Amino acid sequence: MLDYLLSFLVLFGAALTFIGSLGLVRLRDFYTRLHGPTKATTLGVGSILIASAVFFSARGTGISLHEILVTLFLFITAPVSAHLLAKAALHLELNSLAKIPRKKVREANALERADQTQATKQATDNAEKIPSTDGPQEPTQ
Amino acid sequence: MLDIVLPIAFGLVAVAVVLSFWRLLWGPSAPDRILALDTLYINTIALLVLLGIHLSSALFFEAALLIALMGFIGTVALCKYLLRGDIIE
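Line by line, the protein sequences give chains A and B.
The first sequence lines up with residues 133 to 273 when you count with the numbering used here.
The second sequence lines up with residues 8 to 96 when you count with the numbering used here.
No lab work stands behind these hints: they were computed from the structure.
Computed from a predicted structure; not experimentally measured.
C-beta: ideal position from N, C-alpha, C; glycine also.
Warning: the hint list may mix true and false statements.
As the list claims (entries may be wrong) - Under the rule of at most 25 Å between Cα atoms (straight-line distance), these lysine-lysine pairs were calculated in the DSS-like manner:
#1 231/A / 171/A
#2 236/A / 219/A
#3 219/A / 235/A
#4 236/A / 87/B
#5 171/A / 87/B
#6 171/A / 236/A
What the hints assert, rightly or not - Looking from chain A toward chain B, a few residues come up when the C-beta cut is under 8 Å (computed):
#7 152
#8 156
#9 182
#10 183
#11 216
#12 219
#13 224
#14 241
Said to hold, decoys possible - From chain A, some residues computed to sit far from chain B (all C-beta separations above 12 Å):
#15 158
#16 174
#17 191
#18 196
#19 206
#20 227
#21 231
#22 233
#23 235
#24 239
#25 247
#26 249
#27 252
#28 258
In isolation and in its complexed conformation, chain B is listed as follows (with noise of 0.2 Å):
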């Protein structure tokens, strides 16, 4: 039963991170990309997860709390940037 909705799980999830990368290129203001950016990393640590269930290894769990912990800086930086001019006052 797995390995039939594996796939599909996969599928979806590409999708959705396709979806945000046009929302990244096409987005009309800088809060859309950053938005776009956030979304892009939570569907890249669902695909790490999902890719760690498929080839049941542990190994991915360290790089999807990397991502985690990385992308939420990256976000919060970005905005403060938006809103202050500056990141570090």
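Next up, chain A with everything else stripped away, as it sits in the complex (with noise of 0.2 Å):
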């Protein structure tokens, strides 16, 4: 019963580790190919250690903590690297093969500018405002 237990996560873990070194090479873009190994090999190298840690508890030599520390690493590990390449990526402005959306972009762009305008109307109103008391001074001959 063990040994099929076992062997069904050994198969598991292996299977999805191939799948996510797959994802890495037949996805066409940077984001995609984030998305493929970062989810498959954390569930597959889970499901690996945890095989690990029921082989090693079983052998009678008391349970087995090593694996669940480097699980532990992985799991807490994973979402951070990716994040920070998710970031690099877009730093770098990367292509992806998402559409750009327009209408979104459209109204940034448009609330942007109508902060800027107000903003430089302010900036004169404050300079009328404001009488400057340090203005170019008169050359003295």
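Could you use the hints to bring the two separately framed chains together as a complex?
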């Protein structure tokens, strides 16, 4: 029974790891490629590590806890590294297959322009209200 | 049963390592290569743990933990370099 459970976990984990790397090769832009391995490999390695924990616990030398450490570490760090990778890709402005949302871009630009005109208007108003004390000095000969 | 399944699992993970290495060599952009490196070290952890089950030796967990730590630090450092142009500011 335990043998079957271990075999299932090992095979499932290895298959998911393979699918994650296949996604890394086959998908067509960076953002979708980021999606493949970060999910599939953490689940795959997670189930292989669970299989290892069950295997070493069943040998009678007490419960094996090394794997839990590795699993916990991987599950904490995988989202952090994926987030940093996505930030780096957005910073470098990599091509995306997704369509640019034109309407939203237009709205955002209009909003920004309105903000800018308002800001410049306020600035000119302030300049009119406060007379400048340290203007350009007349050159005294 | 486990004796039949383990070689298949070794084969699948080895092919996964080769695929991520291909992306590391051919990746068109720098974040692609960093992602391939990230996947490569995670696959290596899987391979090490499988080897630990196969040889029924608990020696390999320290190595797996070290690879997990160093790989994460490497990924974060490379991403920071791409984002800021410097790692420690």
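Q: If any of the earlier hints don't hold here, list their numbers in rising order.
A: 4, 6, 9, 14, 15, 16, 17, 18, 19, 20
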